[in-house]
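2 protein chains.
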Amino acid sequence: MTSELVAARETRAPAHATATIPVAPTDPRLDAWRSFVHAHARLTRRLDEELQAAHRLSLAEYDAMLQLANAPGRRLRMSALADRVLLSRSGITRLVDRLVAAGIVERTACTTDARGAEASLTREGLERLRAASRTHLDGVGRLFLDVVTAEERDVLTGALGRVLDNVGRVGSEVGFAPVSGTD
Amino acid sequence: MTSELVAARETRAPAHATATIPVAPTDPRLDAWRSFVHAHARLTRRLDEELQAAHRLSLAEYDAMLQLANAPGRRLRMSALADRVLLSRSGITRLVDRLVAAGIVERTACTTDARGAEASLTREGLERLRAASRTHLDGVGRLFLDVVTAEERDVLTGALGRVLDNVGRVGSEVGFAPVSGTD
DNA sequence: CCCGGTTAGTTGCACTCTCAACGAGAGCAC
DNA sequence: GTGCTCTCGTTGAGAGTGCAACTAACCGGG
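For the record, the sequence lines run as chains A and B.
Under this note's numbering, the final residue of the first sequence carries the number 183; numbering is consecutive throughout.
Under this note's numbering, the final residue of the second sequence carries the number 183; numbering is consecutive throughout.
Simulated from the structure, these hints should not be mistaken for lab results.
Take the hints with a grain of salt, since some may be wrong.
[As the list claims (entries may be wrong)] Distance windows between CB atoms, simulated:
#1 B:Gln-52 / A:Arg-169: 16 to 24 Å
#2 B:Ser-79 / A:Gly-91: 28 to 36 Å
#3 A:Thr-112 / B:Gly-103: 52 to 60 Å
#4 B:Arg-169 / A:Ala-53: 13 to 21 Å
#5 B:Ser-79 / A:Asp-138: 31 to 39 Å
#6 A:Pro-22 / B:Ser-58: 17 to 25 Å
For glycine and all other residues, C-beta sits at the position ideal for the given N, C-alpha and C.
Using the sequences and the hints, build the whole thing.
What follows is the structure, given as structure tokens:
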């Protein structure tokens, strides 16, 4: 996703199922999209490298730990965790397996639902998270926040928040997979 | 990457930190970061699903085809392609393998360097790309561009472009891996 | 109570990606 | 030319993830 073909086409279509103006590959509006995709790719790759180098943790693992830390009782049902980390259920099973092996979380049976399992952050896990958090937040500050003004941050928050809502909304309209409900 | 520790709700902007002020987990500036990460995750997942459903292509494959289409002669050296789609060399070898199997690209020896290989888009590949492009651009328009104003697009382009540069710059300063030169 | 349908989590398999190691060739020094 | 080193692309091994299938258990209607 870096550039998008050449041929232009500027006809207006009545496309109503989605109510959208056709986007040509040369459409200048795509610059925003390209910046978005590109910046994200580089940034997350870098943050992941830093986290991996300093703490032997992937961003997904870090995120899972964070979700657990923020949950009441520092514990969550597997599915709830999967939703928040944007992973499939099998994915979260395996991620939790790794965290358990690392002593970062404990897997316990759910008291109210015998089918269920809960992952809870251990004391050590919380410490690991605190340390990793310093690295991660430092990276976010240094690579992202430092070069974005306050006004730009507000625009990002607003516009991208709207995009996020839109993906969910259009999704349910058209009957696309829910993708799982983060937040 | 969904929320970060406590998740501050206040929208009040703190002193403009433009010089790496420590970032606390509750720093409201992180709202912009969270929106960014979240929106990207949902959006690309959705676009990938749509492309997969309609054309049996992943975003990475689509992007590779696009890079080839935009290259002079509709062909690129393997490494050049790898750089542009942000994939490792082995990754691009395998991706091209798949595209060759699908009749979308041809792998030819490089005339000027006997070690080298070139991938070139076939006639059929170009047609597949044109079709996929409609789906993809429609998705980008519908899910992203439609809900972002012109002013917001400009801010996104500017701010995220700066972020992109910054990642590269800080990277070379500190001696981090170049990550390969996409764009 | 029991029975069918649904949901929670795990597991087998397939797929994609990376890293490390490799063979082949390029390119410079001498 | 010979030799040394670097680069190009491929390959094998391994990590991470999703889908589909499976088991166990919940839940509502007879």
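Cross-check of the supplied hints:
{"no.": "1", "hint": "B:Gln-52 / A:Arg-169: 16 to 24 Å", "verdict": "21 Å, holds"}
{"no.": "2", "hint": "B:Ser-79 / A:Gly-91: 28 to 36 Å", "verdict": "32 Å, holds"}
{"no.": "3", "hint": "A:Thr-112 / B:Gly-103: 52 to 60 Å", "verdict": "55 Å, holds"}
{"no.": "4", "hint": "B:Arg-169 / A:Ala-53: 13 to 21 Å", "verdict": "19 Å, holds"}
{"no.": "5", "hint": "B:Ser-79 / A:Asp-138: 31 to 39 Å", "verdict": "33 Å, holds"}
{"no.": "6", "hint": "A:Pro-22 / B:Ser-58: 17 to 25 Å", "verdict": "24 Å, holds"}
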